[in-house]
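Just need the whole structure built from these sequences, with the hints factored in.
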Amino acid sequence: MFLNRLISGLLILVMLFMSQSLYAQVRPRMITDRPAGSTGNSNLAYDRNGRPVRAQKGNDSLARRDRYADSITIFFKYYDSSANRTLDSSINDYYKRFPFDWTYNHLGNMGTAAQSLVFRPLMQAGWDPGFHQYDIYNFSLQNTRFFQTTRPYTEFGYALGKRSEQLIDIIHTQNRKDNFNFSIEYRFNNSQGDYQVQNATVNNLRLTAQYKSRNRKYGLQFIYLSNKNASSENGGLINPARLDSLNNIDDPFTQPTRIGNPAVRRGNPFNTTVFTGNTYKYSTLLVRHYLDFGKKDSMVVDSVVTRIFYPRFRVEHVVQVSQQDYLFSDITADSVRYKQYFNYHVRNLSSGDTIRFRDNWLNIRNEFSLLTFPDKQNQNQFIKTGIGVQNLFGKFGYTGALKEQYYNLYAIGEYRNRSRSQVWDIEATGKLYLAGLNAGDYAANLRLQKLIRNKRDALELAFQNVNRTPAFVFDNQSSFPNTVTGGLNKENLTKVSVGYFNSKLQLKLFGNAYLVSNYTYADSFFKAKQEATLF
2 MFLNRLISGL
12 LILVMLFMSQ
22 SLYAQVRPRM
32 ITDRPAGSTG
42 NSNLAYDRNG
52 RPVRAQKGND
62 SLARRDRYAD
72 SITIFFKYYD
82 SSANRTLDSS
92 INDYYKRFPF
102 DWTYNHLGNM
112 GTAAQSLVFR
122 PLMQAGWDPG
132 FHQYDIYNFS
142 LQNTRFFQTT
152 RPYTEFGYAL
162 GKRSEQLIDI
172 IHTQNRKDNF
182 NFSIEYRFNN
192 SQGDYQVQNA
202 TVNNLRLTAQ
212 YKSRNRKYGL
222 QFIYLSNKNA
232 SSENGGLINP
242 ARLDSLNNID
252 DPFTQPTRIG
262 NPAVRRGNPF
272 NTTVFTGNTY
282 KYSTLLVRHY
292 LDFGKKDSMV
302 VDSVVTRIFY
312 PRFRVEHVVQ
322 VSQQDYLFSD
332 ITADSVRYKQ
342 YFNYHVRNLS
352 SGDTIRFRDN
362 WLNIRNEFSL
372 LTFPDKQNQN
382 QFIKTGIGVQ
392 NLFGKFGYTG
402 ALKEQYYNLY
412 AIGEYRNRSR
422 SQVWDIEATG
432 KLYLAGLNAG
442 DYAANLRLQK
452 LIRNKRDALE
462 LAFQNVNRTP
472 AFVFDNQSSF
482 PNTVTGGLNK
492 ENLTKVSVGY
502 FNSKLQLKLF
512 GNAYLVSNYT
522 YADSFFKAKQ
532 EATLF
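Numbering (the working numbering), first residue to last: 2 to 536.
Just so you know, the hints here were simulated from the structure itself, not pulled from any lab data. Don't take each hint at face value.
As the list claims (entries may be wrong) - No farther apart than 25 Å at their CA atoms in a straight line, the calculated lysine to any residue pairs in the SDA-like style are these:
(1) 451 x 461
(2) 496 x 376
(3) 296 x 285
(4) 213 x 143
(5) 505 x 89
(6) 296 x 373
(7) 229 x 131
(8) 97 x 512
(9) 496 x 464
(10) 78 x 419
(11) 229 x 311
(12) 213 x 311
(13) 296 x 163
(14) 496 x 517
(15) 528 x 461
(16) 78 x 166
(17) 530 x 515
(18) 432 x 123
(19) 282 x 142
(20) 297 x 214
(21) 213 x 146
(22) 163 x 211
(23) 213 x 451
(24) 385 x 356
(25) 451 x 513
(26) 491 x 116
(27) 530 x 484
(28) 213 x 320
(29) 78 x 356
Here it is in C-alpha cells:
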C-alpha cells in the first residue's frame with residue numbers, strides 16, 4: 002500500500018512540474034509561413050498544400066530575429082485521407098483526451114465491455130470475426146495519423162481516477178529529414194472497478210513511419226498496431242436488491258457475484274491478471290508504397306530554382322498482416338452457477354472445472370491499385386481502381402486443434418475530388434467481393450460536402466449501402482458457443498446522413514436514417530437470431 006501511494010505521489014509531482022509545458026497551446030500559424038527554426042541557411046519550407054519546398058536564402062547580417070524561432074509547424078493526415086489537418090491542443094473538452102466517446106456506456110469502469118447508446122451498426126462488408134465490445138478503446142488504421150513537423154513534438158498525459166483508475170498517454174513524432182517522419186504512440190489504462198472480479202486493463206501501441214524519395218516519385222508508409230484488452234467478467238450480482246441497504250460507499254465490492262473467484266481482491270493498480278474474463282489481442286503490420294509517373298517542373302524565386310514533380314499516374318501496393326486472438330477463460334468455474342444462471346454445462350476435468358473459448362485468426366491481405374490524377378495542380382482529385390486478395394487462417398479451441406482456411410477476392414473503385422478552391426469535397430467509393438468466403442458482399446459510399454457562407458460553414462450529405470455476411474462468431478465453427486436456427490442470410494444496411502457545421506457558434510448538427518434487413522443479434526447468451534423484417 003505504501004509503495005502504491007509513493008508511486009502515485011511521485012507521478013503527481015512530475016505532472017505539476019511538467020504541466021506548464023505539456024498543456025501549453027501550440028502557437029497556431031499557417032502552413033504557408035516559414036517553418037520553425039528557419040534561418041538564412043535553412044533549406045526547408047512548406048507551400049500551401051503542405052509540401053516541402055526549398056526556402057529562400059538570405060545573407061543579410063542585419064536581419065531581425067525570426068519570430069518563429071521558438072515555434073513549431075506541425076500537421077498530419079489520416080491514413081485514408083489526403084487532407085492536411087492541424088493539432089488541437091486545447092483542453093476545453095475532456096473527451097478530446099479521453100479514449101471514450103460520450104455516446105457510449107460501459108459496465109462501470111474503463112476497459113470493460115462498451116456499447117453505443119446511439120444505434121450504430123457495423124457498416125463494413127467482408128470478413129468480420131465479431132468481437133467489438135472493446136473497439137472504442139483501441140488504436141485502428143482509420144484513426145492512424147501521419148505527421149509532418151519542423152521540430153520534435155511530444156505529448157504526455159496522465160489521469161488518475163477513483164479507486165486507483167489511471168490513464169497514461171504518450172505520443173512523440175519528429176522528422177529526421179524533410180522526407181522522413183516517424184511517430185510512436187502508447188496508451189495504458191487500468192481500473193479495478195466497484196465490484197468483485199471487474200478489473201480491466203488496456204494496452205495500445207502504434208508505430209508509424211512515412212518516407213518520400215528526393216525526386217518525389219516513390220513513397221512508403223508503415224504502420225504497426227498492437228492492442229491488448231484484458232477484462233474480468235463477474236456475470237452480475239447474485240442479489241442486486243442488496244445494493245439498496247449498503248452501509249457505506251465501499252460495500253458494493255463485498256457483494257457476491259455470479260461467476261469469478263472472490264478471493265482475487267482489488268488493491269494493486271498495476272495488477273493486470275484476469276482469472277475469469279476476456280483477453281483479446283490484436284496486432285497488425287501494414288506497408289503501403291507507391292510509384293508515381295508524371296511531369297517535372299521547376300519554380301524560380303530570386304534566382305533560386307525549386308524542382309517540382311506533378312504525379313499523373315500511380316501504381317500502389319498494400320500488404321497487411323494481422324494476428325487476432327480472442328479468449329474467454331474461467332479457470333475456477335463453478336459448474337452449479339453456470340448451469341443456474343446461464344444454462345451451460347461445464348466440462349469436468351481432472352484438474353478441476355474450467356471453461357475456455359478461443360478463436361485465433363491470421364489475416365494476410367494484398368491489394369494492388371492504379372490511380373490517375375486528372376488535374377496536375379490538384380493532387381486531391383484522383384480516380385482509383387484495384388483488386389485485392391485476402392487469405393484467412395483460423396484456429397478454434399484453446400489448443401487450436403480445429404483449423405480452417407479461407408480466402409476472398411475483391412475489387413475496389415474510388416473517386417475523390419477536393420476542389421482547389423476548397424469549396425467542394427466529393428468522395429465516392431465501392432468494394433465488391435467477387436469470390437471466396439464473403440462472395441456477394443459489397444459496400445458503396447457517397448459523400449458530398451460544400452462550404453457555404455464565405456467558407457465559414459459547411460453542409461454535408463452522405464449515402465451508404467452495405468451488403469455483408471454476419472460475423473463469424475455466429476458461425477457454428479467458432480469455438481464460442483452459439484445456436485443458429487436455419488442458417489443466417491446476408492445483412493443489408495442503408496444509411497443516409499445530413500450534417501451542418503456553424504463556425505461562429507462552434508455547433509455541429511447531424512442526423513442519420515437507417516434502413517436495415519436481416520439484422521443479426523444475440524437473443525440470449527448462446528442463441529443468434531435475425532430480424533428479417535425491414536426496419
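Against the structure, the hints:
1. Straight-line distance between C-alpha atoms of residue 451 and residue 461 comes to about 7 Å, which keeps the hinted pair within the 25 Å bound.
2. Of the supplied pair hints, the one linking residue 496 and residue 376 is violated, its CA atoms being roughly 32 Å apart against a limit of 25 Å.
3. Note on residue 296 and residue 285: the hinted pairing is violated, with a Cα-Cα distance of about 36 Å set against a maximum of 25 Å.
4. With a C-alpha separation of about 21 Å, the suggested pair residue 213 and residue 143 falls inside the 25 Å cut-off, and the hint holds.
5. Proximity of residue 505 to residue 89 is assessed by CA-CA distance (about 17 Å); at most 25 Å being required, the pair is judged to hold.
6. A C-alpha spacing of about 13 Å is found between residue 296 and residue 373, which places the hinted pair at or below 25 Å, so the restraint holds.
7. Straight-line distance between C-alpha atoms of residue 229 and residue 131 comes to about 16 Å, which keeps the hinted pair within the 25 Å bound.
8. A hinted pair counts as satisfied when its Cα atoms are at most 25 Å apart, and residue 97 with residue 512 qualifies at roughly 22 Å.
9. Of the supplied pair hints, the one linking residue 496 and residue 464 holds, its CA atoms being roughly 6 Å apart against a limit of 25 Å.
10. About 14 Å separates the Cα atoms of residue 78 and residue 419, which keeps this hinted pair within 25 Å; it holds.
11. A C-alpha spacing of about 42 Å is found between residue 229 and residue 311, which places the hinted pair above 25 Å, so the restraint is violated.
12. Taking the CA atoms of residue 213 and residue 311, the gap is near 14 Å; set against the 25 Å cutoff, the hint holds.
13. About 60 Å separates the Cα atoms of residue 296 and residue 163, which puts this hinted pair outside 25 Å; it is violated.
14. Straight-line distance between C-alpha atoms of residue 496 and residue 517 comes to about 9 Å, which keeps the hinted pair within the 25 Å bound.
15. Between the alpha carbons of residue 528 and residue 461 the distance comes to roughly 40 Å, so the proposed pair goes past 25 Å and is violated.
16. For the given pair, residue 78 sits about 32 Å from residue 166 by alpha-carbon distance, which is inconsistent with the 25 Å threshold.
17. Between residue 530 and residue 515 the CA atoms are separated by roughly 20 Å; this keeps the pair inside 25 Å, and the hint holds.
18. Distance check on the hinted pair: residue 432 and residue 123 sit about 15 Å apart at the alpha-carbon level, within 25 Å; holds.
19. Distance restraint check for residue 282 and residue 142: the Cα-Cα separation of roughly 16 Å lies within the 25 Å cut-off, and the hinted pair is therefore satisfied.
20. Using a Cα cut-off of 25 Å, the hinted pair residue 297 and residue 214 holds, with the two alpha carbons roughly 14 Å apart.
21. Under the criterion of a C-alpha separation no larger than 25 Å, the hint pairing residue 213 with residue 146 is consistent with the structure, at around 16 Å.
22. Between the alpha carbons of residue 163 and residue 211 the distance comes to roughly 40 Å, so the proposed pair goes past 25 Å and is violated.
23. Annotation: proposed proximity of residue 213 to residue 451 is violated, straight-line Cα distance about 31 Å (limit 25 Å).
24. A distance of roughly 48 Å separates the Cα atoms of residue 385 and residue 356; the hinted pair therefore is violated under the 25 Å criterion.
25. For the given pair, residue 451 sits about 18 Å from residue 513 by alpha-carbon distance, which is consistent with the 25 Å threshold.
26. With a C-alpha separation of about 23 Å, the suggested pairing of residue 491 with residue 116 holds against the 25 Å cut-off.
27. The hinted pair formed by residue 530 and residue 484 meets the criterion: a straight-line CA distance of about 9 Å does not exceed 25 Å.
28. Distance hint between residue 213 and residue 320 is fulfilled; the C-alpha atoms sit about 18 Å from each other, no more than 25 Å.
29. Distance restraint check for residue 78 and residue 356: the Cα-Cα separation of roughly 44 Å exceeds the 25 Å cut-off, and the hinted pair is therefore not satisfied.
Violated hints for the displayed structure, listed by number in ascending order: 2, 3, 11, 13, 15, 16, 22, 23, 24 and 29.
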